[in-house]
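So the sequence lines, in the order shown, correspond to chains B and Z.
In terms of my numbering, the first sequence opens at residue 1 and continues consecutively.
In terms of my numbering, the second sequence opens at residue 1 and continues consecutively.
Incorrect hints may appear among the rest.
[As the list claims (entries may be wrong)] With beta-carbon atoms standing in for the labels, derived distance ranges: (1) B/12 with Z/9: 28 to 34 Å; (2) Z/71 with B/68: 37 to 43 Å; (3) Z/111 with B/110: 18 to 24 Å; (4) Z/80 with B/12: 39 to 45 Å; (5) B/54 with Z/73: 33 to 39 Å; (6) B/108 with Z/113: 21 to 27 Å; (7) B/55 with Z/10: 40 to 46 Å; (8) B/45 with Z/10: 17 to 23 Å; (9) Z/86 with B/54: 42 to 48 Å; (10) B/60 with Z/96: 22 to 28 Å.
Simulated from the structure, these hints should not be mistaken for laboratory data.
For each residue, glycine too, the CB sits at the ideal point set by N, CA and C.
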Amino acid sequence: AQSVTQLGSHVSVSEGALVLLRCNYSSSVPPYLFWYVQYPNQGLQLLLKYTTGATLVKGINGFEAEFKKSETSFHLTKPSAHMSDAAEYFCAVRDSSASKIIFGSGTRLSIRP
Amino acid sequence: DGGITQSPKYLFRKEGQNVTLSCEQNLNHDAMYWYRQDPGQGLRLIYYSQIVNDFQKGDIAEGYSVSREKKESFPLTVTSAQKNPTAFYLCASTRQGGSSNQPQHFGDGTRLSIL
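Could you build the full structure based on these sequences and the hints that come with them?
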């Protein structure tokens, strides 16, 4: 069965610093992977997705993620954090039956001035 | 613009009362989903529906019910059997068929509280 593990429930970085949010997945089939962002009292918004092809995926708001099959990872990065990046971030994998998406427990990103 | 509309944004329930949360989408998506989100936790799947007039239980279906009479609508009823209904409820939809790389699109949520 598919699953995702997000390492670190809370990450804090300084404004302008590198953002790294970690996600490891478990999948018995080639995975379809997603990163979502959630701002307070709002729904989830898709940041980026990996399906097939290029392993470095670029998303919105300057975020990108690299699919590493050998490490079963799909970490999210951004070179320079902005105050507006403060939010909850969720990694997700499409279920093998393709009927559901399985979400990680989320990582709350805080940005220090 | 197409999207998912959840209403109301805030909802209050009295003890022993059923309440229904609305979810409407105009994206022409086949599949729709209901999630529950508690503070500091991820999303837990309540129910989902892949086609009209059909739905399946998710991980935490007890105390909830749904219907899917129209493609664009997937209302969720929180029954009195749900003993701890206070949470943030999110509705989502996705296109089915073909490849399975379609992401889910989300509404802005309904926050349910107990009076």
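Structure-based check of all given hints:
Checked against the hint of 28 to 34 Å, the pair residue 12 of chain B and residue 9 of chain Z passes, with Cβ atoms roughly 29 Å apart. Here the CB-CB span from residue 71 of chain Z to residue 68 of chain B is close to 39 Å, well matched to the stated 37 to 43 Å. In this structure the hint that residue 111 of chain Z and residue 110 of chain B lie 18 to 24 Å apart at CB holds, the actual value being about 22 Å. Checked against the hint of 39 to 45 Å, the pair residue 80 of chain Z and residue 12 of chain B passes, with Cβ atoms roughly 41 Å apart.
Range check, residue 54 of chain B to residue 73 of chain Z: about 38 Å between beta-carbon atoms, so the 33 to 39 Å window is met. The hinted range of 21 to 27 Å is satisfied by residue 108 of chain B and residue 113 of chain Z, whose Cβ atoms lie roughly 22 Å apart. Taking the beta carbon of each, residue 55 of chain B and residue 10 of chain Z are about 42 Å apart, inside 40 to 46 Å as hinted. With their beta carbons about 21 Å apart, residue 45 of chain B and residue 10 of chain Z fall inside the hinted range of 17 to 23 Å.
Separated by about 43 Å at the C-beta atoms, residue 86 of chain Z and residue 54 of chain B satisfy the suggested range of 42 to 48 Å. Distance hint for residue 60 of chain B and residue 96 of chain Z: a CB-CB separation of about 24 Å, consistent with the stated range 22 to 28 Å.
Going through the hint list in order, the structure satisfies each hint without exception.
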